[in-house]
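Work the whole structure out from these sequences, hints included.
Note that the protein sequences, when read in sequence, are chains G and X.
To convert, note that position 83 of the first sequence is 99 in our numbering; the numbers rise steadily by one, no gaps.
To convert, note that position 97 of the second sequence is 93 in our numbering; the numbers rise steadily by one, no gaps.
Quick caveat, the hints were computed from the structure, so don't treat them as lab data.
Treat each hint with caution, since some may be false.
What the hints assert, rightly or not - The calculated DSS-like cross-link candidates involving lysine-lysine, where the alpha carbons are at most 27 angstroms apart (straight line), are:
| id | chain 1 | residue 1 | chain 2 | residue 2 |
| --- | --- | --- | --- | --- |
| 1 | X | K248 | X | K203 |
| 2 | X | K311 | X | K193 |
| 3 | X | K308 | G | K88 |
| 4 | X | K248 | X | K63 |
| 5 | G | K71 | G | K82 |
| 6 | X | K370 | G | K82 |
| 7 | G | K82 | X | K139 |
| 8 | G | K78 | X | K407 |
| 9 | G | K71 | X | K527 |
| 10 | G | K78 | X | K308 |
| 11 | G | K71 | X | K311 |
| 12 | G | K118 | G | K88 |
| 13 | X | K194 | X | K63 |
| 14 | X | K139 | G | K88 |
| 15 | G | K82 | X | K203 |
| 16 | G | K78 | X | K203 |
| 17 | G | K78 | X | K193 |
| 18 | X | K193 | G | K71 |
| 19 | X | K203 | X | K63 |
| 20 | X | K289 | G | K78 |
| 21 | G | K82 | X | K175 |
| 22 | X | K289 | G | K71 |
| 23 | X | K177 | G | K88 |
| 24 | G | K88 | X | K407 |
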Amino acid sequence: MRRIISVLLENEPGALSRVVGLFSQRNYNIETLTVAPTDDHSLSRLTVTTTGSDKVIEQITKQLNKLVEVVKLVDLTEGAHIERELMLVKVKAAGSQRAEIKRQVDIFRGQIVDVTSTVYTVQLVGNSHKLDAFVASITEGGVLEVVRSGISGIARGEKMLSL
Amino acid sequence: MELLSGADMIARFLGDEGVEYIYGYPGGAVLHIYDALFRQDKVEHILVRHEQAAVHMADGYARAAGKAGVVLVTSGPGATNTVTGIATAFMDSIPMVILCGQVPSNLIGEDAFQETDMMGVSRPVVKHNMAVRHASEIPEVLKKAFYIAESGRPGPVVVDIPKDMTAPNERFEYVHPKKVKLRSYTPPVRGHSGQIKKAVEMLLSAKRPVIYAGGGVILGGAASQLTELVERLNFPVTNTLMGLGGYPGTGKHSVGMLGMHGSYEANQVMHHSDLVLAVGARFDDRITNGTDKFCPGARIIHIDIDPANIAKTVKVDVPIVGPVDSVLDDMLELISASEQGADVSALEDWWSKIESWRTVHGGRYEPSTQDNIKPQNVIEALYKATKGDAYVTSDVGQHQMFAAQYYKFDKPNRWINSGGLGTMGFGLPAAMGIKLSFPDEEVVCVTGEGSIQMNIQELSTCKQYDLPLKVVILNNQSLGMVKQWQDMNYESRHAQSYMKSLPDFTKLVESYGHVGLTVNKLDELDSTMEKAFAMKDRLVFINVYVDPAEHVYPMQIARGSMNDMWLSKTERT
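Structural data, given as structure tokens:
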């Protein structure tokens, strides 16, 4: 089952490599990984999406918790949560295609953030399925380049991951 | 306030921390530190012949003393040579601090001479590692290193020290930090009282219980609590390879070691039990055999300080995360307060079953003849010669299993071996580390002619520091355990398991300035042992030629249940 694990870790050199290293050492999957400092600059927040049996997920959270630089973590998929991913995608947009692409972008509530005579660069935010669906909706050969941020997540309501 | 250079701070800190010996090897990146050590007299440096041995020395000391061992090596090859030793300590949760030199900060990343990314290289085999980024932080970084190494589930910590951090002309305020606090690291201090209560209720109603005690009992200093619990409840206890001595090997409740080469009775007791109390043990593959067939009728209580050990390989009914000594104390208190005792009549039946299992194999082996000495016989002779009270280190292979099976350890911290990683070459340097800190104790390295050659150069270190330990080689002229597996699984095709061109060990050890003795005949065995142990102030190397065809039994049958075993070359359960 797919899980989203959110980790607060010390914003120190090498801390990220420990997290990534742990996944490869113990043969765990990483599907996406995002990391950036939080409002408290001594901390980074890392979101990792992974898959595995309940036993494997339990080990992943325990092994992550054991890392000295990991301060706190939560498996967001255990409760109600919001997940978002940012995608920037270059789409072929020449002649009659331009209006069609614009309509698609509107349907998906994306934005065209850069324009040339033949290319639109589209920005789209949503869960991963939505981004997949947008890419699939473009006619074959229309997608020129895709970059995705990986998933960031946060729990719904009062639940918080903080010190 | 005193101003010290980074190098002097390191030397001073180690002294203030109460470190008596550090083991190491000098080189360019650590010359400032070596100079600082030279100018003080609190910490003595032991010069090994290969950095791997320095780590095993620190490891042997740590296992015997229960405190972190300290290693100092230079950058590059000095650091990479420590990796096997660090991994050995990591697998067995041994507290250790490894100080590694590094090229100066401004050269890092430029492929400078003797540069290795030791932070990256060591990462998978350390509890934690840290790089010094400013010389003024040295006391705090070192304090953290010791704290992390020794607290919680112990382990090795590497500190990477770029050469410029130790420059003699830059001085900083030095204070020995009394303690450190890390917001992201808080090892558990007590077990959950509700879980402990539940566990005690289960213990008191069990019909066929067993206590399965691991290395955590030794590391957690809980041997006396374990012994009290076993005796109070009248339960059988089995110790893992790492846990030998946690309950006395000659104690009447002991059913011996369990697992791959465990005793017949220990593996039977486990398989037929209705309740397993695992104390500081981690259900690894050399214990459980096929996990799907593991202890089919048992509920499991698991005490461990590391939550990640719980339910890693085997599902557990009552997990208790906490230090084993405090959890066992809490259990003993609840048992005392309880009106209900253990189930006496059920235990009576259980013990009569256990006593019948004891007679099935009972550690038997074919007796030696005058020209064919059995390796088991050698361990029994060693046990007799040392009155069962020596510190015994071993390397890895058949001799390790024979020592574990036939030397009955009655005290904790006396059986010192590489159980997790299985590192050949561990035994001699580990014994050196122990002898140095426990000079009045008998220290013996039981090894094979294969393993000893992996760190034999340390006989030179033994000479330099006058370490009169004893080395007993079970010389079967082959890599015995490899050969055993080839006999059992590869139709006796002995691929590379025969050691040709062995040195004349007697001459070799004599050239290092020690005493070499050889045993070829059975009637020389006891007398040679006595002669060797009578030489209190000499290192004596006893080369005993043993039966090259002998196998270690019992041996669990792969992927079977705990009690599927070979009992000899021809009999199985």
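Okay, the hints, checked on the actual structure:
{"no.": "1", "hint": "K248/X to K203/X", "verdict": "19 angstroms, holds"}
{"no.": "2", "hint": "K311/X to K193/X", "verdict": "20 angstroms, holds"}
{"no.": "3", "hint": "K308/X to K88/G", "verdict": "21 angstroms, holds"}
{"no.": "4", "hint": "K248/X to K63/X", "verdict": "31 angstroms, violated"}
{"no.": "5", "hint": "K71/G to K82/G", "verdict": "17 angstroms, holds"}
{"no.": "6", "hint": "K370/X to K82/G", "verdict": "45 angstroms, violated"}
{"no.": "7", "hint": "K82/G to K139/X", "verdict": "19 angstroms, holds"}
{"no.": "8", "hint": "K78/G to K407/X", "verdict": "33 angstroms, violated"}
{"no.": "9", "hint": "K71/G to K527/X", "verdict": "56 angstroms, violated"}
{"no.": "10", "hint": "K78/G to K308/X", "verdict": "10 angstroms, holds"}
{"no.": "11", "hint": "K71/G to K311/X", "verdict": "9 angstroms, holds"}
{"no.": "12", "hint": "K118/G to K88/G", "verdict": "43 angstroms, violated"}
{"no.": "13", "hint": "K194/X to K63/X", "verdict": "33 angstroms, violated"}
{"no.": "14", "hint": "K139/X to K88/G", "verdict": "23 angstroms, holds"}
{"no.": "15", "hint": "K82/G to K203/X", "verdict": "36 angstroms, violated"}
{"no.": "16", "hint": "K78/G to K203/X", "verdict": "33 angstroms, violated"}
{"no.": "17", "hint": "K78/G to K193/X", "verdict": "24 angstroms, holds"}
{"no.": "18", "hint": "K193/X to K71/G", "verdict": "26 angstroms, holds"}
{"no.": "19", "hint": "K203/X to K63/X", "verdict": "39 angstroms, violated"}
{"no.": "20", "hint": "K289/X to K78/G", "verdict": "25 angstroms, holds"}
{"no.": "21", "hint": "K82/G to K175/X", "verdict": "21 angstroms, holds"}
{"no.": "22", "hint": "K289/X to K71/G", "verdict": "18 angstroms, holds"}
{"no.": "23", "hint": "K177/X to K88/G", "verdict": "16 angstroms, holds"}
{"no.": "24", "hint": "K88/G to K407/X", "verdict": "40 angstroms, violated"}
In terms of the numbered hints stated before, the structure departs from hints 4, 6, 8, 9, 12, 13, 15, 16, 19 and 24, listed from lowest to highest.
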